[in-house]
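Letter by letter, the chains look like this.
2 protein chains.
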Amino acid sequence: MTRQRQLIYDIIMAEPEHRTAEEIYDLARAQMPSLARGTVYRNLGLLVGEGQIGKLEMPDAPARYDRERRPHPHLVCQKCGKVEDLTMPDGLLRPFALSLGEDITGYELKLYHICPACRKRA
Amino acid sequence: MTRQRQLIYDIIMAEPEHRTAEEIYDLARAQMPSLARGTVYRNLGLLVGEGQIGKLEMPDAPARYDRERRPHPHLVCQKCGKVEDLTMPDGLLRPFALSLGEDITGYELKLYHICPACRKRA
DNA sequence: TAATATTTTAGGAATCAATCCTAAAAGGCG
DNA sequence: CGCCTTTTAGGATTGATTCCTAAAATATTA
Numbered sequence: 001m002t003r004q005r006q007l008i009y010d011i012i013m014a015e016p017e018h019r020t021a022e023e024i025y026d027l028a029r030a031q032m033p034s035l036a037r038g039t040v041y042r043n044l045g046l047l048v049g050e051g052q053i054g055k056l057e058m059p060d061a062p063a064r065y066d067r068e069r070r071p072h073p074h075l076v077c078q079k080c081g082k083v084e085d086l087t088m089p090d091g092l093l094r095p096f097a098l099s100l101g102e103d104i105t106g107y108e109l110k111l112y113h114i115c116p117a118c119r120k121r122a
Numbered sequence: 001m002t003r004q005r006q007l008i009y010d011i012i013m014a015e016p017e018h019r020t021a022e023e024i025y026d027l028a029r030a031q032m033p034s035l036a037r038g039t040v041y042r043n044l045g046l047l048v049g050e051g052q053i054g055k056l057e058m059p060d061a062p063a064r065y066d067r068e069r070r071p072h073p074h075l076v077c078q079k080c081g082k083v084e085d086l087t088m089p090d091g092l093l094r095p096f097a098l099s100l101g102e103d104i105t106g107y108e109l110k111l112y113h114i115c116p117a118c119r120k121r122a
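Chains as they are written, first to last, in the working numbering: chain A, 1 to 122; chain B, 1 to 122.
Hints should not be assumed to be uniformly reliable.
Claimed, not checked - A partial selection of chain A residues facing chain B, derived with a Cβ cut-off under 8 angstroms:
1) 107
2) 113
3) 114
Said to hold, decoys possible - With a Cα cut of at most 27 angstroms, we get these calculated DSSO-like pairs of lysine-lysine:
4) 55(B) x 110(A)
5) 110(B) x 82(B)
6) 79(B) x 55(B)
7) 82(B) x 55(A)
8) 79(B) x 55(A)
9) 55(A) x 110(B)
10) 120(B) x 110(A)
11) 79(A) x 110(B)
12) 82(A) x 55(B)
13) 82(A) x 55(A)
14) 82(B) x 110(A)
15) 79(B) x 110(A)
16) 82(A) x 110(B)
To be verified - Now the stretches of chain A that chain B is said to cover, found in silico as 3 or more residues with beta-carbon under 8 angstroms:
17) 67-78
18) 82-94
19) 99-106
Hints were generated in silico from the structure; no laboratory data involved.
C-beta atoms are modelled at their ideal positions from N, C-alpha and C, and glycine is treated no differently.
Let the sequences and hints guide you as you build the complete structure.
Right, here's the structure in full:
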């Protein structure tokens, strides 16, 4: 764990926000101005690969990173892109696993809404 | 509906494949060699906007387009990216709608697996 | 149907997230 | 401390997608 990797990791762990690489880069540079953008991307990739953090691909927007590594559904605001974690009810995907022969290796479930802040603003 | 838009639309409707913009561009150019890449992207965007086709954002890969416009889950091969449509069991997302106050505007559910072709190849 | 106004296209430049490259800097270790 | 390996900074590059502009197609009008 290098200093830069630790810093990136700490930023993700500090809050439940699901930040983009660019946001993490900005936050990290506030503390380590020499940090390179490529270093952020590479370390995020490594952390994801090790399963220490989660990666969330977003439609028409940069990916976001998640301190919660267990798979779970997300609630996404269609206006501002803000993401919240949801908990998966037990056995929800069971019908699929049954009909597909149990060979599901993973899932991704996003629910879209307009968050209260954006609804107020409209 | 211009000739180029009709061609793009026909290619998507012709088969259940979920093709990328680039694949559609290649197929279309076989019939209309002057067709520009930008025209494909713009018309795909328009068709999606009108709800005539669906768009499927893929992790770390170009988006794919879907002739089935009603929302439905997808089964995605993690190796080759091939996509199949699934049917959503009635009321599957009900628990979320209940706990979130029914204000869900859409969803996206992807199940990942390794398709038979890729499994054989391995 | 010819003239004019509007929309769409072709072609290529530009954008933007993300990856890759290379020499320099940091770490690890005996 | 010196040698070896790994990681970084910084910038170039890629790849999907969008944007720009003049020309072409289409629609509208008289």
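Checked hints:
no.: 1; hint: 107; in the structure: holds (5 angstroms)
no.: 2; hint: 113; in the structure: holds (5 angstroms)
no.: 3; hint: 114; in the structure: holds (7 angstroms)
no.: 4; hint: 55(B) x 110(A); in the structure: holds (15 angstroms)
no.: 5; hint: 110(B) x 82(B); in the structure: holds (12 angstroms)
no.: 6; hint: 79(B) x 55(B); in the structure: holds (20 angstroms)
no.: 7; hint: 82(B) x 55(A); in the structure: holds (21 angstroms)
no.: 8; hint: 79(B) x 55(A); in the structure: holds (18 angstroms)
no.: 9; hint: 55(A) x 110(B); in the structure: holds (15 angstroms)
no.: 10; hint: 120(B) x 110(A); in the structure: violated (31 angstroms)
no.: 11; hint: 79(A) x 110(B); in the structure: holds (22 angstroms)
no.: 12; hint: 82(A) x 55(B); in the structure: holds (21 angstroms)
no.: 13; hint: 82(A) x 55(A); in the structure: holds (14 angstroms)
no.: 14; hint: 82(B) x 110(A); in the structure: holds (20 angstroms)
no.: 15; hint: 79(B) x 110(A); in the structure: holds (22 angstroms)
no.: 16; hint: 82(A) x 110(B); in the structure: holds (20 angstroms)
no.: 17; hint: 67-78; in the structure: holds (count 3)
no.: 18; hint: 82-94; in the structure: holds (count 4)
no.: 19; hint: 99-106; in the structure: holds (count 5)
Of the numbered hints listed earlier, the single one contradicted by the structure is hint 10.
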